[in-house]
Structures are given as structure tokens and as C-alpha cells.
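A.B. asks: Residue numbers (my numbering), protein chains in the order written: chain A, 976 to 1336; chain B, 976 to 1336.
No wet-lab data here; the hints were simulated from the structure. You may find that some hints are simply not true.
For chains that are exact copies, the list does not tell them apart, and a pair is met inside one copy or across any two.
[What the hints assert, rightly or not] With a cut-off of at most 20 Å between alpha-carbon atoms, the simulated DMTMM-like pairs for lysine to aspartate or glutamate come out as follows:
id, residue 1, residue 2
1, K1159, E1097
2, K1135, D989
3, K1135, E1053
4, K1135, E1272
5, K1159, E1132
6, K1004, E1050
7, K1135, D1038
8, K1321, E1050
9, K1271, E1259
10, K1271, E1097
11, K1004, E1201
12, K1271, E1132
13, K1271, E1332
14, K1271, D1022
Protein chains: 2
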Amino acid sequence: MRAAIMRNREMITDEIATPAPGPGEVLVKTLACGICGSDLHAFEHFDAFTSQEEGFANNLAADRDLVMGHEFCAEILEFGPGDAPAGRLASGTRVCSMPMLIRNAAGVPVGYSNDVPGGYGEQMLLNEMLLLPVPNGLPDDHAALTEPMAVGLHAVEMAKLTPDDVPLVIGCGPVGLAVIASLKLKGAGPIIAADYSPARRTLAETMGADIVIDPAVNSPYDSWREAAGASAQAQRADVNPLTGERLLPPGVYFECVGVPGVIDQMMVGAERGCRFVVVGVCMESDPIRPLLAIGKELALQFVLGYTPEEFALTLHHIAEGRIPVAPLITGHVGVEGVAQAFRDLKNPEAHAKIVVEPWRS
Amino acid sequence: MRAAIMRNREMITDEIATPAPGPGEVLVKTLACGICGSDLHAFEHFDAFTSQEEGFANNLAADRDLVMGHEFCAEILEFGPGDAPAGRLASGTRVCSMPMLIRNAAGVPVGYSNDVPGGYGEQMLLNEMLLLPVPNGLPDDHAALTEPMAVGLHAVEMAKLTPDDVPLVIGCGPVGLAVIASLKLKGAGPIIAADYSPARRTLAETMGADIVIDPAVNSPYDSWREAAGASAQAQRADVNPLTGERLLPPGVYFECVGVPGVIDQMMVGAERGCRFVVVGVCMESDPIRPLLAIGKELALQFVLGYTPEEFALTLHHIAEGRIPVAPLITGHVGVEGVAQAFRDLKNPEAHAKIVVEPWRS
């Protein structure tokens, strides 16, 4: 089968062996697979991404082939040996799955494994028990975005929002946009969102942001203060016992950028008592000034991934039209197009999410 | 009056004007005042401590006198002008107060102000409405430790402990010891505590730690895992659905060191899902690796100070013998002894808390 392969730290296309499903496993045809920012990170910061201590994809070897791709929709081709479980899906059924293959009571991350291919190849292995049929005739490329949208849903769940919170989203790449969609779904608002890119700000509005900020023109933190002060939540906020002034409602700031310095910048801008949810994946060492966070009693929740329940719920929300994904998709490529797509995705004006369709000639 | 004064970045002793109480204010005689690690920080890292952006004591001027001291017990000498409020305390009453003077609807931090002296001077100004009488004939130096012990109580409150949590205290200086005392009071345990100093480890046991670790010999994180796995909480913990192994109960790690690198080290050692409460005040830039925290979905709560209710409650706990403070007090000095005490406090084998008694000759 054909696949886009990271080999010797380059992205190339080649033929590789089609994997054979073991007991409980299913061979599937990859119909669509989104390119994730984490894949760009893994490609460019391979050593940090795979470093043992950080325990994240730490079994990956630089000298073995890697077929990435963990945001996919696929079609059942063939079941592994063993009896069929009750309620087995028919061959040909379109499915989504968490990108995790469970073997020998351990999880193998599909898309970050040297042993099994991810969605940048024509075929993959998945666990039969993790398959979720794609409902409502949802297009393949929309269903493929279940995974990144689940990341946003999980981040918003981890924020443990109260009706008093006013959210601020820093960075409107796919992660920030997924967070905005889930905030909107939760009824949180006003949603303030900031990004330097005009195209990303337009997408943020499409996904549900109420106020979008260009940080080159206005401080996102001042804009948040203004919006929070004018919000319905502000009417219920406590009063400063010394000054009699009404306090601002609690802020929940989502870090969706993932480059060094952003957390510190947010600490400078934050109002006292804010909670940060760190969703952006910063692969490098990141200096913070604890004194900033101490003086304001800030809280940081770092988050990763989603639960199986959140993943299934996200697919359901997309199928029901409650989480929009169509606006995010800005391109489709075959396996030969992956290397160029990795380069193209660096331009936020041109692209948000490029979907790989390995069956394309 | 005499005071130990930070003048031109040196600690000297001199006579300064006795302050005059305004309306609502009280002139008090300082009976006892603890030397806080923050005072050593302020003395040695004055520019960071007073930097505008970090909003912490940012009104302090390097070219004006500073009389520090914010952990005190005092005696009422004289009331400011105006009618006596109902229930006025008698002159001569021994009192504690949060180290905050409210003037013109703004808080002036007593001990970190160029305008009013702190407890390293013979007399201070306090707000009448913030005075708490010292109960039960509690000795002056014990009552003075209300402030640092309230820091520990607040940190434990901010941890929002559940009955499942197993705490780990990194660093057993006065802050860590205060945290241990409040954990014990809450019934949390086993309390695992780590410090390089044998004297500090002995104090940690005295304050209520169940297991004390020398990080030079054993990893505090491995020791925590062992203790958490053997705890009563472990019997109630969830099971890993893949391996069938019992998960560890949730960890709540208190950072009570406040030097760069400790948070990162804790992130390396932490179990998945741990919460950190950052109580140590790191005055410098501190590199962390967000990837460590993301992979484990760690949460960090930075904390500062205490509420008025927590302060009053702490005094009550000390007076009732529920928070031990006597073991912490390792020395007493007059104002002339402050400069040497600042140096002596760098040796954890010799000292934990030195109390200034400005009336001493």
C-alpha cells in the first residue's frame, strides 16, 4: 500500500506492506485523515516529541519508518481471526475511532507508532471494539475532524466552567477553533478570541466567537476586561470591600498557541484569580515568572486528548450539526501532497485544516 | 523609636519618627515579629520583588527607608482621633492583625511600605477594625506566627482536598511546615514531606508529617508513589481498564521551595493527573517544559496570602493548640540582631523561624 512516510526525518511517499489484523483488530481503508499541528511538531521537533522523560510518544525511533495521521474516517475492509462479537458492523461500514490500538493490554498510538501505520497510508489497523459508525451520512472529511474537535471539547470540560465564567481564547488555529466551538455549544459567552491572522479571526467568528481581537491592534486582555465588565455575569460579580467597585467575573483563558512565552504573556495580562487551560502543545522549554502567577493566584490546567465518551459525543455533535467543521477544511491532498501540505499549513491565511485522502491518485 | 531599616540596600539600625495614628488607626507596640523568607527575598532580590509588572509590593522605592516585618503580635498603645467604635479593645490589649493598613480605600502592606513601619520597629500603625485580641494567654512569639501559619492554611484550602488525595510537601522551610500543620489539622494523610536538611525533616515530623524523605537518598516522587499505593485511599482508587492494575489515588503536591527548576522537577516526578499548589515564592524566571505537564494533565494552583477569615481561624487554631508553633521558633533577637539573623536564617540546620523583639535592648 502507499503511504506518506517520515523516513530519516524527511517526508516521502513509498510503498509499504499492508498490515494484517490480529484477533480483535480490523483492517480499514483510510477515507480521510486530517493533518494535525502535533504532526508538524513531531516532524520538526522529533527529539523533544519523543524524549523519554516527557513520556509522550517516547517509543518512536528516528531510524524507523513512521506513518503519521490520527484524525481519520475509515471503511471496514476485513476482520481479524476469531469469533465475531455480537453486533459486529458490516464490512464497508464507515467508522471513526480514537487513534489507539490496544495490544497486549497496552495502547499503541495510531499515527505515532513505528509498528502500525496511521492515516497518511491507504490502510490501517483499528480495534473492533473501539469503532464508531459514522451517522447521518456525514461526509468522510467531516467525520475525520472528530478527533481535533474532541480535543476542544475535552479542554472545555477540563475548564469546569461555571455560569459566571467569561472565556478568552488565545490563538485561533484548529485547536483554538475547536475550543470556541465547544464553548459555544456549552452556552458560554461572551467568547473573546484573539489571533494575528485575519483569516483565522474570520473562522473564529464562524465557529462562534462573539468578539475577535487582533493582538497587533488591541490587547486581548484589555478587550477581555471590557467584555467581561459589560457581560451579564458582571451583574452578579462580588464587590471589592475596600473600593466598593464591582469585581470582574472569573476569567478562563485557553492557551491555544503552544509557543514559548505565551503562558508568561497571559500571566502578565491576566486578571486576578484567572484559570488558564493550556491546550497548545509547546514542545520547548518555556520560561514563566511564578511571581506573576502567585501575585494573582492564577491556576493552570494542562490538558491532553479526550476520554472515549468525549470522543463519541463529539462525533455525535458533528453529525447533528452542533459542532461546525466544514469551514475548517481548506484543502484535500493525496499521499504525495503531504510534504507540501506540511509546508502550506504554516500560512494561516491560506489554510486551517488540510485533509489527506490516501486513495486519491 | 528604634527600628531595623533597609536603607540603600543594607540592613541597619537607626532611630526614626514614631508614626501618628489617623482616624480608625491604632498605634501599637511591637511585641514580637517573625522574620519571613519573603523578607530575605525582598532584601536580596529587591528589583524583582518590586517590579511594576509583577504587581507585588510594586510601590516600594529603593531610595527610601523600609522597615519590614509582617508577622507580628502587638500591644495597643493609643487610638487615633474620632469616636470609639462599639466594643473597642482596651489599651494594653495584645493583638494580631493581618499586615494591611487600609487608607483611602486602598491597602498599604505593613512590612512592605515606605510610608509606615513594619514589625522590625518598636511601634506600628494598624487598623482598629482589623485587630484580633490574642486569646488564651498565648505567648507573644507564638501569636506572631499566625501570619505564616495562615499562609499554610490558605494553601491547603486552595488545594480543595478530597478524601482521596494523598499530599506531598516539597521543601520543609517555614512555608512547608505551615502546610504540613494545616494538612494534619484537615486529617489529610499520609503526609509525605521532603527536605535535604535533617533538622527540617525532624521539624516536619513534629508538625505532623507521616513520612519524611531526604531527596539526596530517595526520590520524593517514588516515595510518594509507594506511600500512596499503600494508603487507605488506594483501596478506593479506579482500575486501569487496559491493565486491570489499580491506579494511584490523586496526588496533591505542595511546592514550598521557591527556587527555579523545582516546578519542572516536580513535573518530571509527578504521577498523571496530579495537582500542584505553588506556595514557594520564586522571584526569578523559571523554565518549565509544558509538554511534561500536558502529557500528564497536571494542574498548578499558585497561591498567595490568606483571607481575613483564614487569618482569624489560624490564630484560633494556634491558641487552641491545634497548630503547633513552638518547635518552629529557633531564636529571638532585638532590632540590632536583624541583619545577623538574615544571614543566620540561610542555615536550615540552625534555624527555622527567628523572632524579632524590638523592645529588647
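A.B. asks: Hint by hint, say whether it matches the structure.
C.D. replies: Here's how the hints hold up against the structure:
Taking the shortest Cα distances, K1159 and E1097 never come within 20 Å of each other, neither inside one copy (35 Å) nor across copies (59 Å). With identical chains, the CA atoms of K1135 and D989 are never at most 20 Å apart, being 45 Å at best within one copy and 54 Å at best between copies. In this assembly of identical chains, K1135 and E1053 lie within 20 Å of each other by CA distance neither inside one copy nor across copies; the values are 41 Å within and 50 Å between. Within a single copy, K1135 and E1272 get their C-alpha atoms as close as 17 Å, and across copies as close as 14 Å, so both meet the 20 Å cut-off.
For the identical chains of this complex, K1159 and E1132 are intra-copy neighbours only, at 13 Å inside a copy versus 32 Å across copies, given an alpha-carbon limit of 20 Å. In the homo-oligomer, the alpha carbons of K1004 and E1050 lie at most 20 Å apart inside one protomer (5 Å), although the nearest pairing across protomers, at 81 Å, exceeds that limit. In the homo-oligomer, the alpha carbons of K1135 and D1038 never lie at most 20 Å apart, since the shortest distance is 42 Å inside one protomer and 46 Å across protomers. Neither within a single protomer nor between protomers do K1321 and E1050 lie at most 20 Å apart by alpha-carbon distance, with minima of 30 Å and 67 Å respectively.
In this homomeric assembly, K1271 and E1259 come within 20 Å of each other (Cα to Cα) only across copies, at 16 Å, whereas the closest approach inside a single copy is 25 Å. In this assembly of identical chains, the alpha carbons of K1271 and E1097 never lie at most 20 Å apart, being 51 Å within a copy and 32 Å across copies at closest. With identical chains, the CA atoms of K1004 and E1201 are never at most 20 Å apart, being 50 Å at best within one copy and 45 Å at best between copies. When the C-alpha separation of K1271 and E1132 is checked against a cutoff of 20 Å, the pair qualifies only between copies, where the shortest distance is 16 Å, while the shortest distance within a copy is 23 Å.
With identical chains, the CA atoms of K1271 and E1332 are never at most 20 Å apart, being 48 Å at best within one copy and 32 Å at best between copies. Taking the shortest alpha-carbon separations for K1271 and D1022, only the inter-copy value of 19 Å comes in at or below 20 Å, while the best intra-copy value is 35 Å.
Checked against the numbered hints given earlier, the structure breaks hints 1, 2, 3, 7, 8, 10, 11 and 13 and satisfies all the rest.
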